[in-house]
Amino acid sequence: MRNISALYYDGQSARQEAVTLSIHNGKILLQGDQLEREFDLDKITISAKLGSTPRLIHLLDGGHCEVDDHLGFDAMLDESGVSPPTLISRLENSWHYALAATLLTISFVLAMFYWGLPYIANMAAERVPDTLSLTIDEQVLDTLDDGLAEETQLSAKRQAGLSARFERLRKKNERPLAHLEFRDSDEIGANAFALPGGTIIITDQLVELAHNDEEILAVLAHELGHVKERHPLRQLLQSSVIGLSMTWYFGDISSLLAIAPTVMLETSYSRNFERRADLYAVTLLRRNGIKPGRLADILERLENDHTGHQSKHEAYSPIFDLFSTHPNTDERIRILRHANTTK
Amino acid sequence: MSEQEQRFSFIGNSSDYFVIWIVNLILTILTLGIYSAWAKVRRLQYLYRNTRLAGSSFDYHGTPIAILKGRLIAIVLFASYSIFLQLMPALGLAIGLIIALIMPYFFVTSLRFRLYNSSYRGLRFGFSGSVKSAYINFLLLPIASALTLFILAPYTHHRSKAYQHNNSHFGQSNFSFDATIASFYKIYFFVFLQIVTVVGLFALGIYLMFQGSWSNLPKMAIFAIVAGVYLLLIFTSLLVIPYFIARIQNLIWNHTALGEHRFICNMGARGLTWIILSNFFLIAMTMGIFKPFADIRLLRYKLEHLALLPSDSLDNFIASEKQHVSATGTESAEIFDVDISL
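Protein sequences appear in the order of chains G and F.
Heads up: the first sequence begins at 1 in our numbering, then just goes up one per residue.
Heads up: the second sequence begins at 344 in our numbering, then just goes up one per residue.
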């Protein structure tokens with residue numbers, strides 16, 4: 001007959017009492033200096049193994065025992081043939097499973113990042129109704145007009161001319177539906193960007209920077225690529241998920257640590273979107289008899305404009321550019337030039 | 344007659360905890376998050392049961408289903424908030440406002456749930472703070488504190504701690520809190536001085552380095568400044584936050600009593616800084632894998648610097664009438680790990 005020592009608490013007071021436990025005839029026996037009690041084995045609950053945590057035996061009367069002697073307790077249970085370890089506690093008590101779980105978790109996180117999240121965001125973005133995305137566009141425009149941007153200085157004729165050429169880029173009624181908005185903004189500088197509902201904003205500064213209209217059309221074709229593949233909405237959804245997961249995982253103090261990787265991960269998504277939009281632009285430009293190299297030309301000038309010392313909005317735009325969504329411009333220019341020379 | 348000082352200790356180890364943590368994580372992923380409620384119970388049971396005081400362990404009794412319900416409510420609330428904030432800001436803000444209005448209520452239910460489901464030597468803890476006081480302490484005072492440029496922040500902190508500790512019980516014995524408001528102001532003042540010094544020195548450095556060349560800074564210089572500000576933010580918080588936590592936790596626990604028994608908390612600002620600083624770098628270098636090990640290191644340090652000074656035998660505590668609480672509160676407070684233990 002095996003005996004192991006334990007501590008007993010009656011659940012009524014915090015009194016601690018040393019007892020010895022033994023099992024026989026389907027009953028567990030507690031023996032202490034001033035107490036002797038017996039319980040049916042099928043009426044008590046024994047806590048599952050959890051690392052080297054003390055095992056707890058919850059008794060029917062609200063009392064419980066704490067056992068530190070793991071080996072002795074396991075052997076005692078074994079001998080009397082009770083409570084095989086549960087599946088979960090078997091998983092939690094093995095380093096093999098832990099290693100497997102680690103590898104599985106890492107693969108899952110990577111797969112989620114590279115395929116899962118983009119796929120889900122894409123599906124979700126396709127299901128956002130046009131009216132809703134147009135509402136977002138209106139809100140962004142309102143915010144812009146609240147101080148960041150002024151009314152365009154371009155003549156009505158120039159605007160109409162550019163809009164008409166923009167319309168002719170695509171066949172009639174070809175998706176995506178999109179329209180142009182002109183704005184003047186020293187703060188934003190030479191730039192064009194697409195909004196979720198298909199609004200493409202182009203600044204006077206960009207029109208000024210372009211050497212010819214084909215360059216402007218090249219930029220617009222690139223933005224159309226964003227609209228076509230719903231990049232703005234997808235970026236929005238993906239960033240939210242990344243941000244939430246980071247906050248959840250790191251919690252309290254280390255959430256500061258999470259800022260850098262969050263920015264890096266989001267940038268990696270947007271870099272991919274830029275490449276996709278470039279691809280779309282190349283096809284669209286070729287169809288219209290415009291050399292894809294035009295996009296490279298203006299990209300190069302944009303890059304110099306944002307980096308350069310001579311620009312009049314230099315104090316602001318470099319910071320924009322720092323976390324900008326257009327990194328690796330050199331590589332993009334190289335690819336576009338290559339597309340220019342091949343057919 | 345006074346009894347001997349009883350130190351808290353942690354008898355678990357981080358490799359056991361890591362195994363439990365990673366298995367729970369993968370099960371949570373495979374069940375699309377549903378298992379997370381069970382994972383939380385197992386994780387807390389591991390932490391509680393391995394926390395020792397005077398030869399006995401603590402225990403956690405939360406039920407996974409109750410936690411799951413709370414998690415669902417929290418996720419629905421925060422997801423609708425963050426989605427609508429981007430799609431329809433007006434509606435998003437309205438939801439945010441509703442969340443802010445429910446938050447104090449969730450704090451109370453969360454405290455009730457956590458304390459009721461914690462036990463030591465078979466006796467449950469409990470919380471009996473009123474919802475009304477929670478709205479004063481967790482909604483009105485923080486707003487007042489923000490409106491006064493945080494001059495009221497130490498007072499607010501003091502009130503919320505007094506509310507939490509004065510309304511907590513163990514069995515039939517009550518916790519009590521007797522720190523002064525002035526002592527909170529003193530700690531906040533020193534922290535404020537530290538921040539001003541570090542940030543001031545940094546700003547002066549930047550000013551001297553780029554004096555006279557503001558109008559045409561090259562891109563790299565601006566990049567360096569932004570990166571510098573980020574590093575400064577990290578270092579300031581890594582140095583100031585541990586100091587703050589150590590000082591404030593010492594103050595709070597040294598002025599907390601359970602019946603006639605007192606607590607002693609003697610965390611060192613330097614020791615805690617070392618733990619938090621090294622944890623930070625190890626987490627960064629292992630791309631997050633070190634997180635569970637870091638959690639145990641920090642917990643162990645905190646526990647080992649806390650002790651109970653009994654006025655008589657610990658055997659004399661008596662159980663109270665048990666009560667039931669819903670789990671909703673605890674989860675809403677936790678989805679962003681709002682640390683209410685500070």
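Check before you lean on any hint, since a few could be wrong.
Chain G side only, calculated, beta carbon under 8 angstroms to chain F, not exhaustive [what the hints assert, rightly or not]:
#: 1; residue: 56
#: 2; residue: 69
#: 3; residue: 70
#: 4; residue: 91
#: 5; residue: 125
#: 6; residue: 129
Stretch-level coverage of chain F by chain G, calculated; a stretch enters the list once three of its residues show a Cβ under 8 angstroms from a Cβ in chain G [said to hold, decoys possible]:
#: 7; segment: 436-443
#: 8; segment: 490-501
#: 9; segment: 529-541
With the C-beta cut set under 7 angstroms, the calculated list includes, among others, these residues of chain F facing chain G [to be verified]:
#: 10; residue: 374
#: 11; residue: 390
#: 12; residue: 399
#: 13; residue: 425
#: 14; residue: 427
Just so you know, the hints here were simulated from the structure itself, not pulled from any lab data.
On a predicted model such as this, the values are computed, not experimentally measured, just so you know.
The beta carbon of each residue, even a glycine, is placed where N, CA and C say it ideally should be.
Against the structure, the hints:
| no. | hint | in the structure |
| --- | --- | --- |
| 1 | 56 | 7 angstroms, holds |
| 2 | 69 | 14 angstroms, violated |
| 3 | 70 | 12 angstroms, violated |
| 4 | 91 | 5 angstroms, holds |
| 5 | 125 | 12 angstroms, violated |
| 6 | 129 | 11 angstroms, violated |
| 7 | 436-443 | violated (count 0) |
| 8 | 490-501 | violated (count 0) |
| 9 | 529-541 | violated (count 0) |
| 10 | 374 | 12 angstroms, violated |
| 11 | 390 | 9 angstroms, violated |
| 12 | 399 | 6 angstroms, holds |
| 13 | 425 | 6 angstroms, holds |
| 14 | 427 | 11 angstroms, violated |
Figure legend: structure checked against the earlier numbered hints; hints not met, in rising order: 2, 3, 5, 6, 7, 8, 9, 10, 11 and 14.
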